[in-house]
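Protein chains in written order, with our numbering: chain A, 37 to 543; chain B, 720 to 807.
What the hints contain is simulated information worked out from the structure, not anything from laboratory work.
Treat the hints with care, since some could be wrong.
Covered by chain A, per the in silico footprint, the following chain B stretches (three or more residues, Cβ under 8 Å) [to be verified]:
#, region
1, 734 to 744
2, 752 to 762
3, 765 to 771
Where a beta carbon is used, it is the ideal one built from N, C-alpha and C, also for glycine.
Residues per chain, in single letters:
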Amino acid sequence: MLSVTTTWSLYIIYMAALIAFGVYTWQRERNNSARHFFTAGNTINWFVLCMTYIAALMSTWVFFSGPGGYYRGGFGYYMSELSYMPLFPILTYFVMNKVWLLNTQRNYTTPADLYDDRFRSPVLRLILALVFFSVSLPYAAAIYNACGKAAEIASGGQINHTSAVIFVGLGALLFIPFGGVKSVAWAATVQGWIFMVALWVIGLSALNYGFAGSLSSAVLSVWDHSNSWFSYPGPEKWVPYSARLGYPLACAIGWTIMLPDVFIRAGYFGKDLGAQRKLMLFQPILQFVVWTGTMVIGFVAIALIPGLKGGDTELVIPMLIEKIISPNNVSFAAILMGLFVWGALAKGLSAATSHLLVAGSIISEDVLTKLLKLHVSPKVHIFIARMAVVALGLASLVLALNPPELIWTLIMFAIALVMPIFPVLVAALYWKRATAPAAIVASLAGVVAVILTYQYGYGDSWYGLFGMLLSTALLTIISYVTKPTDQQILDEFYGALDKAESEYYTN
Amino acid sequence: MPKKSKSYKTTEKWWLGLTIVFYLLYNLPGIPEYGDAPSALIHGVLTILPLWVISYAGLIILNRQRSLRTKCDSNKTLNYSDKEDTQC
Numbered sequence: 037m038l039s040v041t042t043t044w045s046l047y048i049i050y051m052a053a054l055i056a057f058g059v060y061t062w063q064r065e066r067n068n069s070a071r072h073f074f075t076a077g078n079t080i081n082w083f084v085l086c087m088t089y090i091a092a093l094m095s096t097w098v099f100f101s102g103p104g105g106y107y108r109g110g111f112g113y114y115m116s117e118l119s120y121m122p123l124f125p126i127l128t129y130f131v132m133n134k135v136w137l138l139n140t141q142r143n144y145t146t147p148a149d150l151y152d153d154r155f156r157s158p159v160l161r162l163i164l165a166l167v168f169f170s171v172s173l174p175y176a177a178a179i180y181n182a183c184g185k186a187a188e189i190a191s192g193g194q195i196n197h198t199s200a201v202i203f204v205g206l207g208a209l210l211f212i213p214f215g216g217v218k219s220v221a222w223a224a225t226v227q228g229w230i231f232m233v234a235l236w237v238i239g240l241s242a243l244n245y246g247f248a249g250s251l252s253s254a255v256l257s258v259w260d261h262s263n264s265w266f267s268y269p270g271p272e273k274w275v276p277y278s279a280r281l282g283y284p285l286a287c288a289i290g291w292t293i294m295l296p297d298v299f300i301r302a303g304y305f306g307k308d309l310g311a312q313r314k315l316m317l318f319q320p321i322l323q324f325v326v327w328t329g330t331m332v333i334g335f336v337a338i339a340l341i342p343g344l345k346g347g348d349t350e351l352v353i354p355m356l357i358e359k360i361i362s363p364n365n366v367s368f369a370a371i372l373m374g375l376f377v378w379g380a381l382a383k384g385l386s387a388a389t390s391h392l393l394v395a396g397s398i399i400s401e402d403v404l405t406k407l408l409k410l411h412v413s414p415k416v417h418i419f420i421a422r423m424a425v426v427a428l429g430l431a432s433l434v435l436a437l438n439p440p441e442l443i444w445t446l447i448m449f450a451i452a453l454v455m456p457i458f459p460v461l462v463a464a465l466y467w468k469r470a471t472a473p474a475a476i477v478a479s480l481a482g483v484v485a486v487i488l489t490y491q492y493g494y495g496d497s498w499y500g501l502f503g504m505l506l507s508t509a510l511l512t513i514i515s516y517v518t519k520p521t522d523q524q525i526l527d528e529f530y531g532a533l534d535k536a537e538s539e540y541y542t543n
Numbered sequence: 720m721p722k723k724s725k726s727y728k729t730t731e732k733w734w735l736g737l738t739i740v741f742y743l744l745y746n747l748p749g750i751p752e753y754g755d756a757p758s759a760l761i762h763g764v765l766t767i768l769p770l771w772v773i774s775y776a777g778l779i780i781l782n783r784q785r786s787l788r789t790k791c792d793s794n795k796t797l798n799y800s801d802k803e804d805t806q807c
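In isolation and in its complexed conformation, chain A is listed as follows:
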């Protein structure tokens, strides 16, 4: 579809712009601390906060598995997603805004910092660091892989997948260590618009060429020929009752709150509570815009090219461009394929860089500084932070070039794996009786339960629900049978929260 030169040009222009922006941000922010490098230290304005948040959420999934998911899962799959989006303001109001308030007083860097502040347990920090790290690194690797796939598809197989992965991986490596999270956030703001425009233009163009722009004709066609698309459990039985309950919960808790890259965005990035409020207001709307665009593509695809199975459904975007749009307008189809490449790159890099940064912060801050008690000057500290990101970027690149089978499994249950840690967070914020031993056992047992859920074949539909329930039960029981937390620690932690509340709210 696209020539080798055009595809490479798109990649090179995009990566060059990203790197230039990273260097520019580095010049502006070079004297800041490691905390600022990783979390921007409560300085991100509401607009950038909203855009970097949505960009971090939407990985290349939106351009590959997403439309394929709607193709196979049907409208029920879409409705299950619509059911978790409105939970975001509630979860942010009751949980993440409190994290944000605490951060203004306690200056956290990694997600585990807050837990450690409340429970004062290096063991808990280690467990959380391992969990958060193990969901971040494979995510970045898988995204590099998808960017390579996008180049391969767009060029009709003329560009070698490996060379595209290496190019994107090395380009990202040049970008992230310079500007840190601030450059990632600003770049994600621009990238977010590119991918949202790309998504809707592709979907509406396919509808226009396939059904002369008539949505009702498309609906009637699917209703008559693939009626199961409109009901549970969907054409390929993707949304049985278990998935209708488990998947949205995993999205609401695991995906939009607990994955480390979004946790630090909702808890540590925002400039003020006004920014947090805008995040609560706009995030469900942005998710609605993106998911609906993705659903429209899956819907138009099942209307125009029914009968696809398995992995083929993940390629419905290039298929729609080649089979439906190209015969009508070759030049426009080439432009859309270019948008597909840029959109996949934009989305992929937003999510990959976010995950790499947070994985770097875990190594630099949780492991080296807090657990191994490394005492160095601030300059050396920030150097270590940058080098941690470089090392992890290289590791993800190697992983992307030789992906083990485990990497896909890890990504599939990443959102489930972090769910058992959510009750511990809620208890940390609201329940003074919660104790460190209970938090340790609940986190560990909950994560193991999630792994076992997958091991025994229940994970694909129930996700982390059983692990989260077990974690909640153990946290409650063990807290009551163990010694209460030292009053001085509680006063310090909840005192900081009260102080922040009185500083930011009038009542």
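Using the hints provided, position chain B relative to the given structure of chain A.
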């Protein structure tokens, strides 16, 4: 002041409670029946739409009831490194 404080606490409880109720209603086992497209759509309209309405209505009411201190007031006690944050 105490009256104001109480009103937002009540709103918080209603907000959380109604969200849980409608989320449970959406997740009632056996409803809608598998393979029944019209029922699936009606079920979605009756449960998911109210969830969105409750979420935004609660958020807007709470934002009105719980006003924020002005930036200048709050910055007096913060340690931001950004220059624009310390203008007050």
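Cross-check of the supplied hints:
Only residues whose beta carbon comes within less than 8 Å of a beta carbon in chain A count, and the region 734 to 744 of chain B has 4; three or more means the coverage holds. Residues of the region 752 to 762 of chain B with a Cβ under 8 Å from some Cβ of chain A number 7, which satisfies the need for three, so the listed coverage holds. Coverage of a stretch by a chain is defined here by at least three residues with a beta carbon nearer than 8 Å to that chain's beta carbons; for the region 765 to 771 of chain B and chain A the count is 4, and the condition holds.
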